[in-house]
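Novice: Chains as they are written, first to last, in this note's numbering: chain A, 5 to 414; chain B, 5 to 414.
Quick caveat, the hints were computed from the structure, so don't treat them as lab data.
Some hints here could point you the wrong way.
It does not matter which identical chain is meant; a pair holds if it fits inside one copy or across any two.
Claimed, not checked - In silico DMTMM-like cross-links for lysine to aspartate or glutamate, where the CA-CA straight-line distance does not exceed 25 Å:
no.	residue 1	residue 2
1	388	414
2	379	53
3	291	409
4	301	249
5	22	400
6	379	318
7	22	200
8	301	245
9	388	44
10	291	141
11	301	115
12	22	91
13	291	374
14	12	44
15	388	406
There are 2 protein chains.
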Amino acid sequence: MDFFRLQKISEVLGYVKKFHPLGTESVPLAAAWNRVLAAEVIAAADVPEFSRSTMDGYAVRAQDTFGAGPGNPAWLTIIGEVGMGEEARLPLAPGQAQRIATGGMLPPGADAVVMLEYTQELADQTLEVYRSVAPLENVVQQGEDVAAGSAVLPAGLRLRPQDVGLLAALGVTSVQVRRQPRVAIIATGDEIVPPEAPLQHGQMRDANSYALAAQVAAQGGEPLLLGIVPDRLEALVASVERALETMDLILLSGGSSVGTRDLTIAAIQSFPGAEILVHGVAISPGKPTILARIGAKPLFGLPGHPVSAMVVMEVLVRPVLRRLLGQTDSTPTWGRTVTASLSRNVASTPGREDFIRVRVRQDGGILRAEPVLGKSGLISTMVKADGWVRIPLNAEGLEQGERVEVLLFD
Amino acid sequence: MDFFRLQKISEVLGYVKKFHPLGTESVPLAAAWNRVLAAEVIAAADVPEFSRSTMDGYAVRAQDTFGAGPGNPAWLTIIGEVGMGEEARLPLAPGQAQRIATGGMLPPGADAVVMLEYTQELADQTLEVYRSVAPLENVVQQGEDVAAGSAVLPAGLRLRPQDVGLLAALGVTSVQVRRQPRVAIIATGDEIVPPEAPLQHGQMRDANSYALAAQVAAQGGEPLLLGIVPDRLEALVASVERALETMDLILLSGGSSVGTRDLTIAAIQSFPGAEILVHGVAISPGKPTILARIGAKPLFGLPGHPVSAMVVMEVLVRPVLRRLLGQTDSTPTWGRTVTASLSRNVASTPGREDFIRVRVRQDGGILRAEPVLGKSGLISTMVKADGWVRIPLNAEGLEQGERVEVLLFD
Numbered sequence: 005m006d007f008f009r010l011q012k013i014s015e016v017l018g019y020v021k022k023f024h025p026l027g028t029e030s031v032p033l034a035a036a037w038n039r040v041l042a043a044e045v046i047a048a049a050d051v052p053e054f055s056r057s058t059m060d061g062y063a064v065r066a067q068d069t070f071g072a073g074p075g076n077p078a079w080l081t082i083i084g085e086v087g088m089g090e091e092a093r094l095p096l097a098p099g100q101a102q103r104i105a106t107g108g109m110l111p112p113g114a115d116a117v118v119m120l121e122y123t124q125e126l127a128d129q130t131l132e133v134y135r136s137v138a139p140l141e142n143v144v145q146q147g148e149d150v151a152a153g154s155a156v157l158p159a160g161l162r163l164r165p166q167d168v169g170l171l172a173a174l175g176v177t178s179v180q181v182r183r184q185p186r187v188a189i190i191a192t193g194d195e196i197v198p199p200e201a202p203l204q205h206g207q208m209r210d211a212n213s214y215a216l217a218a219q220v221a222a223q224g225g226e227p228l229l230l231g232i233v234p235d236r237l238e239a240l241v242a243s244v245e246r247a248l249e250t251m252d253l254i255l256l257s258g259g260s261s262v263g264t265r266d267l268t269i270a271a272i273q274s275f276p277g278a279e280i281l282v283h284g285v286a287i288s289p290g291k292p293t294i295l296a297r298i299g300a301k302p303l304f305g306l307p308g309h310p311v312s313a314m315v316v317m318e319v320l321v322r323p324v325l326r327r328l329l330g331q332t333d334s335t336p337t338w339g340r341t342v343t344a345s346l347s348r349n350v351a352s353t354p355g356r357e358d359f360i361r362v363r364v365r366q367d368g369g370i371l372r373a374e375p376v377l378g379k380s381g382l383i384s385t386m387v388k389a390d391g392w393v394r395i396p397l398n399a400e401g402l403e404q405g406e407r408v409e410v411l412l413f414d
Numbered sequence: 005m006d007f008f009r010l011q012k013i014s015e016v017l018g019y020v021k022k023f024h025p026l027g028t029e030s031v032p033l034a035a036a037w038n039r040v041l042a043a044e045v046i047a048a049a050d051v052p053e054f055s056r057s058t059m060d061g062y063a064v065r066a067q068d069t070f071g072a073g074p075g076n077p078a079w080l081t082i083i084g085e086v087g088m089g090e091e092a093r094l095p096l097a098p099g100q101a102q103r104i105a106t107g108g109m110l111p112p113g114a115d116a117v118v119m120l121e122y123t124q125e126l127a128d129q130t131l132e133v134y135r136s137v138a139p140l141e142n143v144v145q146q147g148e149d150v151a152a153g154s155a156v157l158p159a160g161l162r163l164r165p166q167d168v169g170l171l172a173a174l175g176v177t178s179v180q181v182r183r184q185p186r187v188a189i190i191a192t193g194d195e196i197v198p199p200e201a202p203l204q205h206g207q208m209r210d211a212n213s214y215a216l217a218a219q220v221a222a223q224g225g226e227p228l229l230l231g232i233v234p235d236r237l238e239a240l241v242a243s244v245e246r247a248l249e250t251m252d253l254i255l256l257s258g259g260s261s262v263g264t265r266d267l268t269i270a271a272i273q274s275f276p277g278a279e280i281l282v283h284g285v286a287i288s289p290g291k292p293t294i295l296a297r298i299g300a301k302p303l304f305g306l307p308g309h310p311v312s313a314m315v316v317m318e319v320l321v322r323p324v325l326r327r328l329l330g331q332t333d334s335t336p337t338w339g340r341t342v343t344a345s346l347s348r349n350v351a352s353t354p355g356r357e358d359f360i361r362v363r364v365r366q367d368g369g370i371l372r373a374e375p376v377l378g379k380s381g382l383i384s385t386m387v388k389a390d391g392w393v394r395i396p397l398n399a400e401g402l403e404q405g406e407r408v409e410v411l412l413f414d
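Using the sequences and the accompanying hints, generate a full structural model.
Specialist: Here it is as structure tokens:
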């Protein structure tokens, strides 16, 4: 392969299908939120399993109330009360009513509920009804929420609170979900020291590993910081080898120098059957990105500049994590973007896709996207930004006042 | 207080300030993502602490390269190399250059870096330079990312990946954050059974507690399911009493019947000094909502219908959780909403704020919000929806084709 041909983002994303969803595991319902369903869920029974009242009032036959009004009440005979949580066994004959509370089971023969406020109990178990109800009024019918046998949640869905609630309603107490990808983060570079170490002149604190770990967690993975490896081949190979034993995805973070990149390539090639898929991407920032496959496992060599690394995490690593998670729900981009008016001209080089950090501000009813200027080595520019604007491959830039889509940060 | 006057949402939100942010705790940096900063962070030192190169190449005095071009190179003498991670001690005199890699420390006397690709090393330590560089070109200056003494992150900020990275760059290894609110969820109702129990006719599975727990987790709290309490005053009081010992916020979830609501009120009033702030809200669905204060702690009586309970969680409980977390970052609504065209007329009753469940669909370049119809007792309607549209207090409805803001689900 040609090491110097930059690949387009779309080409790189084409390699995602070379990797496969991880295995599954069963989790208790209370731990299922935000996990990805491994298999479609089919309703085993109707929800609800019986028709029930949605109001406090009286179970009736609707036709007994037809024509009732404030000056012309219907009279019914109260024959009893539906106990909450109990089966309603007493049948309802024409002209009869039973007291019922919200959630109570509709007795046999009843087909509607008249609300308490449109009734009055008289002596001798007589009920006055001042308003007519239609059949099924104030009733949830058996199977109206979910019908037995219907597919309710698709495989590959990231479970939201309401999905978890629906599973509880179905009596599902353990859920088959995709295992969370374990993501190794290996920092490289002789100049990199951990945040807790006293900083000597010439050294740099390992900020990237911490930012990347948080991105991994936000994207549904389990990050593990494997420490800092000096720029020596055997040390890097040993660290990758250790990671391959238990981890599902490896991120090498650190040096952007040619030396470090060469070392990364050499380390990958030392594994038999390893395949370097990408060495350089037409993206800015983020060009010096490496993607390889070692056995079944993906490995990214991320650029050393923090902004570049975070762009690549969002644009290239996230789709790989989604693949490992078996996520099939289209991440609807409309859920995480916002349209704004660009506050100034932005230049771009044709032949690469540019990601411009922007601050989003409400300005007299109009949303404005203000570019945050600064080198990609400055993590503070990401702290000042709310998201980024993507400039297509062959655009020469964007103009002030242009409407742009801002991809918001998590 | 008048138990039957419905309070407007804005009035209810006025009570939020009756509660106070929780205490703080220290967490290791690796666990700080998504937590809320308890105090402003001031940079103790410059980042970087020395000027460094952003390219592989040669450290130079910029003026030595002025006028250089492909046909007219500048000649410099290479006097050495900056070691990665080492202090650059060897000073650079006029006419001299030192090899330097990305991230390397700029030697004393140098003020720019010329990129490798615009140079060639000749014999005798001579360097040909084919392009001029400006002072500070390809250099990150000391303090350019963060200046010592500057305020970098405000108190009340929910930490994003880049904020965690910045803390690492500053050498912060433990972070003072707000304690996560512990949220008790108590299900009530004689008809409610846990999801794992076999369902008898007349009974209903406790779906709400699970959906609410996931919403609490999504909103930054720690949910704890305290089980199901039957409709008996002493049982409810005992459960609330136990929750008050260790929890920060109590959610009563369950029955919507008048009987259950009366019981909730009686249980609250049994605690000396308890104050019922809200009993009924001008919101649909969600009207039968109770907010009380017992000592310093908020308690919500949530409506029993699952959709109603989830609306109230979003609109009323989330602001209370944000208050307990001390969150001061304005949740920018632009981050979680999307503008769409309503696919059909929707009626609304003036005098209350309506929340309409909608599905969002891309339809030929236009986003459409399609109302999901169905009773608020049907949790499946939430599963089919992507978010909701809020209809203001005195509107009589929305018209087909109207542009609406959709508040997206988490």
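Novice: Hint by hint, say whether it matches the structure.
Specialist: Checked hints:
1. 388 with 414: both (14 Å within a copy, 24 Å between copies)
2. 379 with 53: Answer is between; shortest inter-copy Cα gap is 17 Å, intra-copy 62 Å.
3. 291 with 409: within (22 Å within a copy, 37 Å between copies)
4. 301 with 249: Classified as within: same-chain Cα gap 10 Å, cross-chain 49 Å, threshold 25 Å.
5. 22 with 400: neither (33 Å within a copy, 54 Å between copies)
6. 379 with 318: within (19 Å within a copy, 39 Å between copies)
7. 22 with 200: neither (39 Å within a copy, 40 Å between copies)
8. 301 with 245: Within one copy, since 12 Å is at most 25 Å while 52 Å is not.
9. 388 with 44: between (41 Å within a copy, 15 Å between copies)
10. 291 with 141: between (63 Å within a copy, 19 Å between copies)
11. 301 with 115: Neither. Shortest intra-copy (60 Å) and inter-copy (43 Å) distances fail the 25 Å Cα cut-off.
12. 22 with 91: Neither, since 55 Å and 44 Å both go past 25 Å.
13. 291 with 374: Classified as within; 24 Å inside a copy, 41 Å across copies.
14. 12 with 44: This pair counts as neither: shortest intra-copy Cα distance 35 Å, inter-copy 41 Å.
15. 388 with 406: Within one copy only: 22 Å inside, 35 Å across.
Hint compliance for this structure: hints 5, 7, 11, 12 and 14 are not met, and every other hint is.
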